[in-house]
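Given chain A, work out where chain B should sit, using these hints.
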Amino acid sequence: MRKTIVTLASALTLSLPALALAQEGADEALLGEEDPSRPAPAGKGVVWGVVTDAKTKEPVIDAQVSVVGTNKKVIADFDGRFRLELPPGNYELRVFYQLYKAQRLQNVRVTAGTVEKLDVALSTEEAKQEIVVEIEADPDRASAAAQTLLRKNAAHTGDAVSAQEIARTPDRNAADAARRVVGASVVGQRYVYVRGLGDRYTNALLNGVPLPSPEPDRQAVPFDLFPTTVLSDLTIIKTFTPDMPGDFTGGSVRVTTRELPEKFTISGTLYLGVNTETTFRDRLTYAGGGTDFLGIDDGTRALPPNFPTDYKAAKGAEKPDGSLVSSREVNELGRALNKPMTTTRTMTLPNMSGNLTLGNTHRFGQDHELGYMAALTYGRRFQIRREGVLGTVTIDPNVSNELESQNYYSFENGVDVVSWGGFAGLTYRYAKDHKVTLLGLHSRSSESEAREIAGHAEEGGAGRLAYDTRLRFASRSLTFGQLAGEHKLRNANDATLEWNLTTSLATSDEPGTRQNVYLQDNDRKAWQSTTLSGLHFYANQAETAIGGALHYTQPIRRGDTPVRVKVGGLAQVRDRAFDARRLRYIPIAQTPEEAAAYSLPPDQLFTSEYIGRALTLDEYTRPSDSYDATQRTFAGYFMTDASLRPWMRVVLGARVEASSQRLDTFDSSTGLPRQVDLSTTDLLPSLGLVFKTSDRSNLRASVTRTVARPQLRELAPFSFTDYFGAREMQGNPDLDRTTIVNADLRFEFFPTLAEVAAISVFYKDFSKPIEQIIIPSNRGIVSYQNAKGAQNAGIELELRKNLGFVSPAIADLGVLANLTLVHSRVALDDEGTSVQTNNVRPLAGQSPYVVNAGLDYANDKRGTRVRVLYNIYGRRISQVGSLGLPDVYEQPRHLLDVTVAQRIGKYVDLKLSAENILLAPVVFTQGPNVENVFHQDIPNLTNVVEQFQPGATFTLSATITN
Amino acid sequence: MRSKVLLATSALFAASLMGCGGDETGQTPSPPAKNNEIPTSISSDLTLTADQDWILKGIVHVRAGATLTIEPGTTIKGDKSTLGTLVIDPGARIDAEGTKDEPIVFTSRAEPGDRAAGDWGGVILLGKAPINVPGGKANVEGIEATAETEYGGTDPADDSGVLKYVRIEFGGILLSTDNEINGLTLAGVGSGTTIDYVQVRYTLDDCFEFFGGTVNAKHLVCTYNQDDGIDWDLGYTGKLQFVVVQQDPAAVDDTNGFEGDNDAMGTTNAPLSEPTIYNATLVGKNVDVDKQQYAMLLRRATKASLYNIVATGFEAGVDIRDAATSAKLEGSIFHGNLAQNVAYVETADGMGSEKDDDMGFDEVKWFTDGGNAEVDPLLVAPYDREAPDFRPKATLTTGAATPPSDGFFDTKASYVGAFSQDDTWLDGAWISFTPN
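Taken in sequence, the protein lines are chains A and B. Going by my numbering, the first residue of the first sequence is number 1, and it counts up by one from there. Going by my numbering, the first residue of the second sequence is number 1, and it counts up by one from there.
Okay, chain A solo, but in the shape it has when bound (with noise of 0.2 Å):
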């Protein structure tokens, strides 16, 4: 098994406060894949042993080992191992370890030449302890019990996953990973949702940086773009502190990329994998371009070349100057622009994927370290939903309750997802005091989709079918660089200053998304020219930011009640740009002869023949489709963090958040440049404590003020459609930032660490916040309202055991659950909100329950891991209903994942995941349930208004390490 290196280091990890408190000069010991029992140097002796845990003689991971009387301190590796290599002489050493008893062994000789052996059994067993030396570790984070230990001695209240456990799931990407956190759902496999509060109330860090976001409706990052490959960790914080970004309130996710290696570490993996649904079965799909592969479309999608930019391609639309496009032009503009309309079928083949990753640290000299670290990740998947159903349903709330179908249809879709990602690190290290760390990272995937969807419209009569047929690309990229430094100044009482410079750039490119629709009247099926049929749609975002943050810790008081006070900024400013272009064909046949020509299946209609015969090309791209906007944020804090007694630690400060948001777009009616700003300033506020009730166990409590802000387009004053397909949107300049005041308490309890047992209340309460409403009109248009107010109320619990306390032949097995429990009320104004169907309810997207619950065997002498993992959440609010229809909420589903891992040799690991084995559908529903009045053929209607199979999938994968 491959070792994983603990380092001592002077730098301190500066988000976690706790970690970083200063220790005298500390020397290290580097053990590595090198024999600890190696012969000794040149004039000194060798101590060598294994600390192991007295009970279940299990290594202990990081104990100390230090020469009483000197500055000699070494961490024990993973196998418990530590080596000291001494001058000849008389010592004692000292062992210890967090919640063991601390042991002292005195009169350890040390003769030249020689290597001795000292394995040291630590007992947990209860007694006065000895004086705490506070650990100053700097410790891989990608292992689960650094993790409980960070968490442990943390400030804030927060849950993580760690690239251990990842590899113990079929997560293959963040967003995946994220769903094993308590309290956290992942919507749309790509969002995450903390505590059940939406992405408007969490925000995305990368090492520590906030992360613009591709998505032109939401600020959300989609965890979906980091591999699991370069994670070192991913953290959600729960409480706030004023070192941290304040505008989250569910839940702060952090990405951590990976640490530098010790020794030279390569490492590649192999992934195949099958899908029930998917897997050699006939896929829908379209003719794409060259480059698919790479989640790049090559122009294929592309306008074509020659296409006005500074005019539209419409038919009377004015130049630049003056004169008008002639039918003559645009139709030459429609055969250029004119694509297949179509979908062709096929065979799909396994998802593939493999990943590498290789780094290495040199030393030069004493003082000097260099670290790199690189990985590489591709994957392709595809995905079929067949048998999908879609629906909508209406009610007469004059007459009754009862809900009656409305349009129902079947759908079926093909989806080819290309993900990509590189990442490169390069650390330099000075003499443990100084580390720089340049960093970059770009992240792509695309989702190249066919879907058709076929089935009762009721607009067309009850006896008609409508196919609606929608060809789509998209395509979002991350790119992320870092230039971040930590430094000791050992003249300034050993305080830490941590800085760092970020640039980043987020987009997402939906090139050519067609649509289609044709309506079926017995066996005469022929074009209709609807609003959403011959619809060619074209979008780009680009947003970047740059920004840098520094905190500056300074230790006031060491010892056992230590004393620190940390002040910092951030700047951040996110310049974005969205672009859209709206072309549709629309009839022109000026006789039956020519209209017969509508009668003719898609791929004889769009073509050159017709085009400018029967159908010409219409541009009705809106002014407000193209806007600019920019987000300044600029924050200062000051913090303190003492120990007023050994058991107990206050962390008080606050956080100065000074943000401004503008948007630059063109008016709607008028055309006119307009501008929307919003500008706040926010006192936040933050009081944390923290009781060492015992060892092994700590009370958190903690009042904190935090923020949320409107999304950039919920600002603008007009009407625009957000997405292909979208509904009506209109902004609201009027809206305000809302503002929470969240109440935590945590108890928590560390039997070992890799045992947890917790249990947290926390209370919510918001003032003013941003609601999603309908303003009535024909269809209703979505807007945003300041709602009165809310209240979350949740409890969470968390459990991870070891059941060797129920008998020693179980002992390689493990529990783990948590479930979380969220009572949720927003009350909207009733002003403006008369066609709104429920202006009291949870809010939009928030779970009841969120339950995760696993079991767990590791015996690492066979090299044998099994873990079987079960999620599931509660009903949510998918969709606010209107005008007396019910609002919609996506049902639960029982999710079981199955992993099995079994090390072959010295180098292979091997893989082989199961998930949703349960074969759990994706439902949302409406309302009570639905009559069947007019769809007899379909049996089983209920109040399903979508439904479909995504299927269970199985991968294999093969992991070869050095």
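Worth flagging that the hints you see were computed from the coordinates, not collected in a lab. Note that CB positions come from ideal geometry on N, CA and C, so glycine has one too. A couple of the hints might just be wrong.
DMTMM-like mimics (lysine to aspartate or glutamate), calculated; alpha carbons at most 20 Å apart, straight line [said to hold, decoys possible]: (1) A:K72 - A:D119; (2) B:K355 - A:D523; (3) B:K393 - B:D427; (4) A:K319 - A:E329; (5) A:K906 - A:D79; (6) B:K303 - A:E459; (7) B:K328 - B:D358; (8) B:K355 - A:E459; (9) B:K355 - A:E404; (10) A:K339 - A:E449; (11) A:K117 - A:E92; (12) A:K319 - B:D114; (13) A:K44 - A:E116; (14) A:K339 - A:E329; (15) A:K319 - B:E111; (16) A:K525 - B:E354; (17) A:K768 - A:D829; (18) A:K72 - A:E85; (19) A:K525 - B:D288; (20) B:K100 - B:D423; (21) B:K239 - B:E274; (22) A:K72 - A:D367; (23) A:K319 - A:E332; (24) A:K101 - A:D53.
Pairwise CB distance ranges, derived in the manner of DEER restraints [what the hints assert, rightly or not]: (25) A:P340 - B:V345: 36 to 42 Å; (26) A:L918 - B:D288: 50 to 56 Å; (27) B:T67 - A:T681: 44 to 50 Å; (28) A:D603 - B:V345: 33 to 39 Å; (29) B:V345 - A:N398: 27 to 33 Å; (30) A:P340 - B:D288: 25 to 31 Å; (31) A:P685 - B:T67: 55 to 61 Å; (32) B:D114 - A:N398: 47 to 53 Å; (33) A:P673 - B:D114: 27 to 33 Å; (34) B:A157 - A:S326: 45 to 51 Å; (35) B:T154 - A:E402: 27 to 33 Å.
Chain B stretches covered by chain A per the calculated footprint, using a threshold of three residues with CB under 8 Å from any CB of chain A [claimed, not checked]: (36) 57–68; (37) 78–88; (38) 278–292; (39) 354–364.
Chain B only, in chain A's frame:
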């Protein structure tokens, strides 16, 4: 890539507006800058004179309290790039009173010969008369929803002005996703408004659409559009008389003469849509088409009282859809509707148009019980594109109902159809049947 299409279009447009001091806040009257462009916000009285053609750029609002007067003989040309559309806000008025020979024409900016449906938006009147959306107010999709543009209210006698001898042609641009502009949209418009002698033609959407309101209208002409002739929704309760619809046989979509809803979901929210219509001549495509085409499609819980209607050349005369829909049809003639002259016989397991959509309602019996006839009305040339004559060879008095004497209806029109044999109301320059 930064598309310049909008920037350029908007910049040009904005520059021209800035020059004119065209104000967004609408505090001052805004004299047009480029002399012939209509300012985008008209907040005090403004007259468009007949001595020049006017260009309608952007979504032009006449704000509450202001009156837009248009002289007889004035031509207003809608712009394509900026979605040229005229909106009369609630509380504002339009005074567009042309004459038979000096009509007011809203048309395309393109040269004659290159004009087509979809070249610009349309004309939208918003008023304060009741609609049936819960809360009593609603917004027009695609137009910024503000307190000023919310339509609906409690004043059934609301007055949005006068449209007389007006022609609206080549409009119907897509204003927002899935939302084309009708030729003339009347939303929450009250009965104090005068709509008389209005022709809408060559539009991508409906000719006339009523969203609630109580407005009455006479002499409505709808020719060669791509959707329905007269469409009502959201609790429209006005009166119509002398209506002629002539459909485009090349239109691709479902097109109906009348299409009536109570609301999009088919609720029975009050007030229920219940127009009273006398004297209409509805002329279908008169060709076998792949789409549905009814002279009247009444659905989603609407009510209607229809008298003296001639319906010919459709796929079928009528479809009454949804159990909550109920209508009265008297004194009417259906003839020459190609698939089923009156209505399809619908059964639960029927296919296409023959599938039951109204819990077994028998349209044919309903038609017969109403005293309506299936005889040839002998119209002179109803299907002629450029020189139609919708008049009957002999006035159709048999079985005709007499319009009530209520101050609106012309009680002399006790004949079937929009015309007597010697009617001349379609004469004059206000009417055009010329394509392009």
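Status of each hint after checking the structure:
1. A:K72 - A:D119: holds (18 Å)
2. B:K355 - A:D523: At roughly 14 Å apart (the allowed maximum being 20 Å), D523 (chain A) and K355 (chain B) satisfy the hint.
3. B:K393 - B:D427: holds (17 Å)
4. A:K319 - A:E329: holds (12 Å)
5. A:K906 - A:D79: holds (15 Å)
6. B:K303 - A:E459: holds (18 Å)
7. B:K328 - B:D358: holds (16 Å)
8. B:K355 - A:E459: With a Cα-Cα distance of about 14 Å, the restraint between K355 (chain B) and E459 (chain A) holds, given a limit of 20 Å.
9. B:K355 - A:E404: holds (17 Å)
10. A:K339 - A:E449: holds (15 Å)
11. A:K117 - A:E92: At roughly 15 Å apart (the allowed maximum being 20 Å), E92 (chain A) and K117 (chain A) satisfy the hint.
12. A:K319 - B:D114: Given that 20 Å is the threshold and the Cα spacing comes to 16 Å, the pair holds.
13. A:K44 - A:E116: Holds, at about 12 Å.
14. A:K339 - A:E329: Measuring from Cα to Cα gives roughly 18 Å; hence the hint holds.
15. A:K319 - B:E111: holds (15 Å)
16. A:K525 - B:E354: Status holds; Cα separation ~16 Å.
17. A:K768 - A:D829: Measuring from Cα to Cα gives roughly 10 Å; hence the hint holds.
18. A:K72 - A:E85: Holds - the C-alpha atoms of E85 (chain A) and K72 (chain A) are around 10 Å apart, at most 20 Å.
19. A:K525 - B:D288: holds (13 Å)
20. B:K100 - B:D423: holds (14 Å)
21. B:K239 - B:E274: holds (9 Å)
22. A:K72 - A:D367: holds (17 Å)
23. A:K319 - A:E332: holds (16 Å)
24. A:K101 - A:D53: Roughly 11 Å between the alpha carbons, so the hint for K101 (chain A) and D53 (chain A) holds.
25. A:P340 - B:V345: 36 to 42 Å: At roughly 41 Å between Cβ atoms, V345 (chain B) and P340 (chain A) fall inside 36 to 42 Å, so the hint holds.
26. A:L918 - B:D288: 50 to 56 Å: holds (53 Å)
27. B:T67 - A:T681: 44 to 50 Å: Since T67 (chain B) and T681 (chain A) have Cβ atoms about 46 Å apart, the given range 44 to 50 Å holds.
28. A:D603 - B:V345: 33 to 39 Å: holds (36 Å)
29. B:V345 - A:N398: 27 to 33 Å: About 31 Å separates the Cβ atoms of V345 (chain B) and N398 (chain A), which means 27 to 33 Å holds.
30. A:P340 - B:D288: 25 to 31 Å: holds (29 Å)
31. A:P685 - B:T67: 55 to 61 Å: holds (57 Å)
32. B:D114 - A:N398: 47 to 53 Å: holds (50 Å)
33. A:P673 - B:D114: 27 to 33 Å: holds (31 Å)
34. B:A157 - A:S326: 45 to 51 Å: The hinted range 45 to 51 Å holds for A157 (chain B) and S326 (chain A), with Cβ atoms some 47 Å apart.
35. B:T154 - A:E402: 27 to 33 Å: holds (31 Å)
36. 57–68: holds (count 5)
37. 78–88: Contact hint for the segment 78–88 of chain B vs chain A: holds, 5 residues under 8 Å.
38. 278–292: holds (count 6)
39. 354–364: Holds: 4 residues of the segment 354–364 of chain B have a Cβ under 8 Å from chain A.
Hint violations for this structure: none, all hints satisfied.
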